[in-house]
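What follows is the residue order along each chain.
2 protein chains.
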Amino acid sequence: MKFELTVLGCGSAVPTSVRNSAAQVLNVLERHFLIDCAEATQLQLRRFHIPYTKINHIFISHLHGDHFLGLFGLLSTLSLQNRKGEIHLYADERLKKILDFQFGIMNMKLSYTLVFHALSRKQELLYEDDLLTVESFPLKHRYDAPASGFLFREKERLRTIRRDMVDAWEVPIAFMQNIKRGEDFVTKDGRVVANRQLTLPAPAPRSYAYMSDTVYREEFAEYVRGVDLLYHEATYGRGFAHLAKETFHSTAEQAAMLAKKADVGKLLLGHFSSRYPTSELLLDEAIAIFSNTFVCHDGDVFDVPYKKI
Amino acid sequence: MKFELTVLGCGSAVPTSVRNSAAQVLNVLERHFLIDCAEATQLQLRRFHIPYTKINHIFISHLHGDHFLGLFGLLSTLSLQNRKGEIHLYADERLKKILDFQFGIMNMKLSYTLVFHALSRKQELLYEDDLLTVESFPLKHRYDAPASGFLFREKERLRTIRRDMVDAWEVPIAFMQNIKRGEDFVTKDGRVVANRQLTLPAPAPRSYAYMSDTVYREEFAEYVRGVDLLYHEATYGRGFAHLAKETFHSTAEQAAMLAKKADVGKLLLGHFSSRYPTSELLLDEAIAIFSNTFVCHDGDVFDVPYKKI
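Residue numbers (the working numbering), protein chains in the order written: chain F, 1 to 309; chain C, 1001 to 1309.
Just chain F, with the same shape it has in the complex:
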C-alpha cells in the first residue's frame, strides 16, 4: 500500500547541474499526483522511471517559472502519445489564460480533456476519492504570484479482520463489512463477541504536505498539523536570512520551526538556492531545531510507512 514521494527537482529559480527546479510525484496506492512542474519535468519523470502516462492530477503551487514552465512540454508530449480521458490541473486561474493563449496561437489540439480548476486562495478541498483527499491552503509569497500549499491525506480505513477469530466464531460473510466498521457480533445463541476480539485497528491514515514557496508564518502550522511528512522550502540558510525576507522565501531554520510547531513526523527540505552546491549547512541549521529533518536530492524517494500500532 504505497504512499511514496519522488523528488524530481529540489532546486529553485535557477536549475544547476545537479538540481532541477521544482517538481515532485506523490504515489498514493498507485494514484500518481504531480506537484509543480518546472522546465524539464518530463525528462526527470523519464529519468526516474515514473509512469507519467498515469498522471491524472497536476497541482501548481504558483506562477513562477521554476514551478510551471515544464507544463507545456509535458501536456504536449502526453497529447503526442495520444493520451485519452481527463487530466485535471489545479492552479492560479491566470495559468489557464496563458495555456489558452499559447495553445491557441500554436493551434494545439490536445488528445485528452484538460480540466482546469482555479485555486480559490482559501483552504479548500480540491480532490476526493474513496481513499484520499487533497486540500489546498494559502501560503505567503510575492504579491504577484500568490502561492498555495497542498495536503494529501488518506481517509480513515476500515478495521482489519482477524481471520482466525472470525473463523472460530463462524461469522457469516454477509456480516464482514459491519465487523470491519467496528460492530460487535452476536452469535445465534445470543452471545455478544466484542469487535476488538474480531478485528485489529486500521492503520492510521497517512499524510503529506507541500509548502513552497512561502515566507515563514507561525500560523501556517495549523494547516499541516501532525502530518507524517512535510516538504517545506528552505531556499536559504541563516546567513542569507535577509535575502529570504526580501524574496519571500524561508530559511532552513524557519522550515524547522514550522515543522516543530506543527508537530509533523518528518521534515524534508528543498527548493535550495543555487548558492548552495551542497545542502549540508542547511540540514545542520534545521536539525538543531527539528531533529527528524532530511534534505532532498533529485531522484530521492521518501516512503511514508504505516505507523506501528
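Watch out, some of these pointers could steer you wrong.
What the hints assert, rightly or not - No farther apart than 30 Å at their CA atoms in a straight line, the calculated lysine-lysine pairs in the DSS-like style are these: (1) C:Lys1097 to C:Lys1054; (2) F:Lys84 to C:Lys1245; (3) C:Lys1084 to C:Lys1097; (4) F:Lys122 to F:Lys266; (5) F:Lys122 to C:Lys1109; (6) C:Lys1261 to C:Lys1307; (7) C:Lys1097 to F:Lys109; (8) F:Lys140 to C:Lys1109; (9) F:Lys260 to F:Lys2; (10) F:Lys97 to C:Lys1109; (11) F:Lys96 to C:Lys1109; (12) C:Lys1155 to C:Lys1140; (13) C:Lys1155 to F:Lys245; (14) C:Lys1097 to F:Lys96; (15) C:Lys1122 to C:Lys1140; (16) C:Lys1097 to F:Lys97; (17) C:Lys1002 to C:Lys1180; (18) F:Lys96 to C:Lys1096; (19) C:Lys1096 to F:Lys109; (20) F:Lys109 to C:Lys1122; (21) F:Lys245 to C:Lys1245; (22) F:Lys97 to C:Lys1096; (23) F:Lys109 to C:Lys1307.
Hint data in this document are derived by calculation from the structure and do not stem from the laboratory.
Given the coordinates of chain F, assemble chain C onto it according to the supplied hints.
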C-alpha cells in the same frame, strides 16, 4: 579561428532519455548563436559547458514546442543572473505575442533588453557584422507553423601578408592594408611587385546552414548551395516515408538528396523520431546517396575547418 557547432538536442517532438529536442549553438570566432531552444536547453548548455551568458542572438525556426519551449526558462535565468545589454531574438512574430502575454501575466521584468526581429518568410539578411552574415530562408512545414532555415556565412577575408617578402621588399607599414586587399606594390625606383608575391590567398569563408523542420523540396538546394556544413532534419527513415509526408518532415534519404543537389561539404542528420533508439539505419540510408553524412548525438561538436589552399 573557431567555426564550431555544438548539438544540444537532436531529438524531435518527444525527447528521449538520450536525445533532447532541438537546440544548437554555433560558435563563430567566439560569437555564440543559439539556434532553436527546446525545453531544457538551459540545462544542456550547462551540461556541455557552453558559456551561455555570451549568447546574444537566438534564432527560432518555427513555433512547434520542441523548438522554442526552453526560451522562457533561458530568458528568465539570464535575467535572474542580471544579464545586461541586448539579446536579439529572431522568430515568427507570434512568438512575441506569446512572450509578451506570459511575461505580462507573470509581471516579469527582464534585466536586459530583448530585441525581437520578426521573420519575414522571405530570403533575408538577419544579421551582419564585420566577420559574418546570417540569413534566413523559407522552408515548408505545417501550414500553422511556417518554418525558416538559417545560413551563417563568414565574409571574404583579406589576403594574408607574407612577412618574409614584405620585409625583403621593404614595404612600408602604411601600405599593408592595400597589399592585403590585393594591390601590387611599386618600389621607389618604379618596380612593380605583383601582389601574389607578397601575399597568400585568404582562407575561403566558411558556412553553416540549418534546415529543420521541413519537407523535401528540390529547389531548397539553392538556398544552401555549396555550404561547408548542412544540418538537415531526418525525422524518419524510408520505412516511414508516408509519416514524413503526413507530418511535413523529411526522410534521411531526402536530406541526403538535398545535400547532394546543393553540393554541400558535409551533411549532419538530426531531429530523429523517438521511434529510432539509434540512428544507424538513418545514416545507412543517407550515406548511400551522399557519402559525407554524419548523424548527431546530443553534445556532439562539429568543427568547420578552413579549406586547404
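Exercise for review: Sort out which numbered hints this structure fails and list those numbers smallest first.
Suggested key: 13, 21 and 23
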